[in-house]
Amino acid sequence: MEMGKLLNVRLSAEEAAMVAQLRQKGVAASDVVRNALRAEYLRQGGGQGAPLGPVELLLWLRERHAAPAAWKGRQVHAWDRKEVAAFLRKRLKAKRKRRVMGEERGGGGGEKCE
Amino acid sequence: MIWADSSVLVALCDRSDALAQRAVEQLQLLKGRKVGVTLPVLTETWHLLETAWLRKILVEWLRGGGATVESPVEQRDALGDVWRWLEKYEEHDPDFADAYLVIATAEKKSSIWTFDREFAHVWRQLDGARVRLAFPLR
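As given, the protein sequences belong to chains A and B, one line each in that order. Numbering-wise (the working numbering), the first sequence opens with residue 1 and increments by one. Numbering-wise (the working numbering), the second sequence opens with residue 115 and increments by one.
Careful, some of the hints might be misleading.
Ranges between beta-carbon positions, derived for each pair [what the hints assert, rightly or not]:
| no. | chain 1 | residue 1 | chain 2 | residue 2 | range |
| --- | --- | --- | --- | --- | --- |
| 1 | A | 5 | B | 191 | 51 to 59 angstroms |
| 2 | A | 24 | B | 182 | 33 to 41 angstroms |
| 3 | B | 132 | A | 18 | 34 to 42 angstroms |
DSSO-like mimics (lysine-lysine), calculated; alpha carbons at most 27 angstroms apart, straight line [as the list claims (entries may be wrong)]:
| no. | chain 1 | residue 1 | chain 2 | residue 2 |
| --- | --- | --- | --- | --- |
| 4 | B | 223 | A | 25 |
| 5 | A | 82 | A | 97 |
| 6 | A | 97 | A | 72 |
| 7 | A | 72 | B | 170 |
| 8 | A | 93 | B | 170 |
| 9 | A | 93 | A | 82 |
| 10 | B | 202 | B | 145 |
| 11 | A | 72 | A | 90 |
| 12 | A | 82 | A | 72 |
| 13 | B | 222 | B | 148 |
| 14 | B | 148 | B | 202 |
| 15 | A | 82 | B | 145 |
| 16 | B | 170 | A | 82 |
| 17 | B | 202 | B | 223 |
| 18 | A | 95 | A | 82 |
| 19 | B | 170 | B | 223 |
| 20 | A | 90 | B | 170 |
| 21 | B | 145 | B | 170 |
| 22 | B | 170 | A | 95 |
| 23 | B | 148 | B | 170 |
| 24 | B | 202 | B | 222 |
No wet-lab data here; the hints were simulated from the structure. This structure is a prediction, so every number in the text was calculated from the model and none was measured. Glycine included, every Cβ here is placed at the ideal spot set by N, Cα and C.
Let the hints inform the model, and build the full structure from the sequences given.
Written as structure tokens, this is what we have:
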């Protein structure tokens, strides 16, 4: 890719800390900016005029965020309230258990951020 | 306002969902109508989507103006009606998100967009009226 214009962005202290943490994980701030720029450009209609409508935006997002190769599908039918309730109970119970165990270990929660 | 429930939002975001195609077709039919998402429905949907990449679709769609997140019950100071409704249907063990949606549509010109048949066959408004649905349930 031929590089042209340089974009200067003034960062707050919080944003600068984010950039530093991302760099430690091997993520370049310049790539983040380029990706965000391309995404917003496309969302706004890709230079064709009007921003994408709800349907076009959704279809575009579905394409953009393709399922990972290992994806086996969701476990629950969202239109079945009883199935949903059972799924949520199980999920929240497991979450609570992780939190209690984390506190018992003195981990201050130990809950994985989702 | 059309209030989307979690069954619809999940189908919109996950194209492997059995109702994904129908959800997109219905969204196309809603062109020009305002779609809203309540916080209880958003919380439920967040859990149901299960993975980060599906949640990204939801968040980016909402941020891009696909639908607005609102609190209609609090705005109308109608939380008391939600408690009354939950009491009325206690034997059916209803979800809070469903109670909230029904009370949100007590206002005229609003309806629920859902694939959950209970909105058509079980739930009613506090005054016994049918719940208004954006699309008939098959």
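Looking back at the hints listed earlier, which ones does the structure fail to meet?
4, 10, 14, 15 and 19
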